[in-house]
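Top line first, the protein sequences correspond to chains A and B.
Position one of the first sequence corresponds to residue 1 (the numbering used here), numbered consecutively onward.
Position one of the second sequence corresponds to residue 1 (the numbering used here), numbered consecutively onward.
Because the hints were derived from the structure by calculation, they are not lab data.
It cannot be assumed that every hint is accurate.
[To be verified] Partial list, computed: chain A residues near chain B (C-beta under 8 angstroms):
#, residue
1, Lys41
2, Val45
3, Leu86
4, Gly150
5, Ala153
6, Pro185
[Claimed, not checked] Listing some non-contacts, in silico: residues in chain A with all C-beta distances to chain B over 12 angstroms:
#, residue
7, Ile36
8, His52
9, Ile74
10, Gln92
11, Glu126
12, Gln146
13, Leu151
14, Pro170
15, Ala172
16, Ile183
17, Val195
Yeah, the Cβ is synthetic: ideal placement off N, Cα and C, and Gly gets one too.
There are 2 protein chains.
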Amino acid sequence: MSSRPGRRPGTSGTRQAILDAARASFNQNGYDRATIRDVAKRASVDPALVHHFFGSKQNLFAASMDLPFEPTPIIERVIQGDIDSLGDRMAQTFFAVWDAHAEGNPIVGLIRSATSNEKAGSMLREFITTEIVGRITKGLRLSSPQLRAGLIASQMIGAAFIRYVIRLEPIASMSAADLGRLIAPTLQRYLTADVK
Amino acid sequence: MSSRPGRRPGTSGTRQAILDAARASFNQNGYDRATIRDVAKRASVDPALVHHFFGSKQNLFAASMDLPFEPTPIIERVIQGDIDSLGDRMAQTFFAVWDAHAEGNPIVGLIRSATSNEKAGSMLREFITTEIVGRITKGLRLSSPQLRAGLIASQMIGAAFIRYVIRLEPIASMSAADLGRLIAPTLQRYLTADVK
């Protein structure tokens, strides 16, 4: 790969430089205060190039956390449709997406960084608050959006921990659809039931 | 502390030697195959002394994982009583116990070891399967006890992650009783509702 050390970085070199800059920027500024502009400056590229590669700050964050998929289009798709079946769509999509990328076990890395590193934990917190809460509640006009998002995240992250990290049976081996069906009513309750 | 290096270990030295032996035994044999007898042999003490200090294999395991409380009496107390309010007792007790020991944040260490170390993950899996599943389902005659225990563990561990690890508000700061009330119906559904 590094057979031509003096060569100017090509597309993948630029992408990598942006990712390195993003990690540094998120680490120093946290998720909310990091900007595409600052990342571009650190990588010595035009902000338009960062947009070209990653599309949005949340996708850039996901890539910098080594998530192998882009959350933005997935979240946008899930929140379309009837709110009474939103819990079901969230549960089904969550396990289907993680299953499709289970080889590298990125969620293990995500949970590990959040537990071993205060800054990674606070970045994850800001990401959930800003992007997930913001998107799920935009247009739905739910009461207590922060609380609902936290409850939803608690069930999703916990189920991922049981299925992908400690691999407790039968949850580890059942189909994403079957597990989704079991978890969906919990998410639906956290979305629409009376909370506190 | 080590001012008299040649001195025979006292009570706390013996306790520590047993804990070290327990860690080695659990690590080598896993939770299920580790025995009090093997731990005693490794620590060069009588098995009765291990029982004297820790009472049971599950308490010994909890101590070797640096849990600051003994799970056995807590679990025994929670499962007493009406099954229709078991979800509520589980949720209330879980957060009350962790809150009381939140300073050292032992659950952060537990989640961290399980994510960074394959063996710790499989020990936690065996502990949940053998002790929690066995105890909760003993006498209750629930169908699919393994599945129910996994679902319950997923919600409990996930809620602990949100409250104690990434400290997402408002879940991080609300009272254990309020959070317990929100989580209880989920645990109750996993205990008694129709699952597959």
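We went through each hint and held it up to the structure:
{"no.": "1", "hint": "Lys41", "in the structure": "violated, 29 angstroms"}
{"no.": "2", "hint": "Val45", "in the structure": "violated, 31 angstroms"}
{"no.": "3", "hint": "Leu86", "in the structure": "violated, 17 angstroms"}
{"no.": "4", "hint": "Gly150", "in the structure": "holds, 4 angstroms"}
{"no.": "5", "hint": "Ala153", "in the structure": "holds, 6 angstroms"}
{"no.": "6", "hint": "Pro185", "in the structure": "holds, 7 angstroms"}
{"no.": "7", "hint": "Ile36", "in the structure": "holds, 24 angstroms"}
{"no.": "8", "hint": "His52", "in the structure": "holds, 31 angstroms"}
{"no.": "9", "hint": "Ile74", "in the structure": "holds, 20 angstroms"}
{"no.": "10", "hint": "Gln92", "in the structure": "holds, 16 angstroms"}
{"no.": "11", "hint": "Glu126", "in the structure": "violated, 9 angstroms"}
{"no.": "12", "hint": "Gln146", "in the structure": "violated, 6 angstroms"}
{"no.": "13", "hint": "Leu151", "in the structure": "violated, 6 angstroms"}
{"no.": "14", "hint": "Pro170", "in the structure": "violated, 5 angstroms"}
{"no.": "15", "hint": "Ala172", "in the structure": "violated, 8 angstroms"}
{"no.": "16", "hint": "Ile183", "in the structure": "violated, 8 angstroms"}
{"no.": "17", "hint": "Val195", "in the structure": "violated, 6 angstroms"}
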